[in-house]
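**Q** Sequence:
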Amino acid sequence: MTEAPAITQDAICAIIRRIDRPVVLVGLMGVGKSTVGRRLAALMQTDFIDADDEIERAADRSIAEIFEAHGEAYFREGERRVIARLMEEDHGVIATGGGAFIDAETRALIVDKAIAVWLDCDIDTLVERTGRRNTRPLLKKGDPREILTNLKDQRSGAYAQAQLHVVTDDGPHHQTALRILEAIDAWL
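Taking the numbering used here, the leading residue of the sequence shown gets 1, the next gets one more, and so forth.
Don't take each hint at face value.
To be verified - Here are the computed distance ranges between Cβ atoms for each label pair:
1. A11 x D90: 16 to 26 Å
2. H173 x R18: 17 to 27 Å
3. E146 x E88: 22 to 32 Å
4. E146 x I7: 36 to 46 Å
5. K113 x E146: 10 to 20 Å
6. K113 x H165: 41 to 51 Å
7. D112 x H70: 23 to 33 Å
Claimed, not checked - Restricting the straight-line Cα-Cα distance to at most 30 Å, the calculated cross-link-like pairs of lysine-lysine (DSSO-like) are:
8. K113 x K152
9. K152 x K140
10. K152 x K141
Calculated from the structure, these hints are not laboratory results. A virtual CB, placed ideally from N, CA and C, is assigned to each residue, including glycine.
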């Protein structure tokens with residue numbers, strides 16, 4: 001069995017020339033938004049920025065500390081302002097936190113001013129990936145598998161409003177980044 005040929009560098013360059021706004025990655029925690037986002041930005045020869053990192057920098061606190069001190073509603077309001085600023089700053093690839101796209105105002109902003117890509121994967125993969133770090137405030141309140149399953153059920157309708165849907169798997173992140181570019185090409 002032979003593998004399908006990889007997308008050529010010329011094809012990548014042709015796709016990149018057609019992209020006129022930021023590519024914003026959305027989806028549950030653990031789907032690979034940051035890791036795949038870095039690979040995608042490298043392929044696109046543009047910058048990558050993680051909205052969660054920018055939120056922490058702006059607040060001079062960790063996301064967990066913001067949640068603990070002020071609650072989720074306060075966090076989501078600040079998150080929306082940071083994402084709006086990042087899109088105005090013309091970054092190439094932006095990874096959002098898992099709950100960002102659930103907020104109707106944030107979602108409308110992203111869909112209007114960016115190419116939203118919903119990264120998705122199965123629950124087993126999410127549990128394994130999110131278990132690598134103990135920095136996820138929403139997973140500290142019970143069984144991670146149950147929480148992630150509930151979040152996926154609750155949030156999939158909002159995520160489905162992204163212009164593109166790409167399923168990630170345990171394959172190389174580079175391949176997922178290529179699939180995103182192919183999806184963008186087909187959508188444009």
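**Q** Does each hint hold? Answer for all of them.
**A** Outcome of the hint check:
no. : hint                    : verdict
1   : A11 x D90: 16 to 26 Å   : holds (24 Å)
2   : H173 x R18: 17 to 27 Å  : holds (23 Å)
3   : E146 x E88: 22 to 32 Å  : violated (38 Å)
4   : E146 x I7: 36 to 46 Å   : holds (38 Å)
5   : K113 x E146: 10 to 20 Å : violated (35 Å)
6   : K113 x H165: 41 to 51 Å : violated (19 Å)
7   : D112 x H70: 23 to 33 Å  : holds (27 Å)
8   : K113 x K152             : holds (25 Å)
9   : K152 x K140             : holds (17 Å)
10  : K152 x K141             : holds (16 Å)
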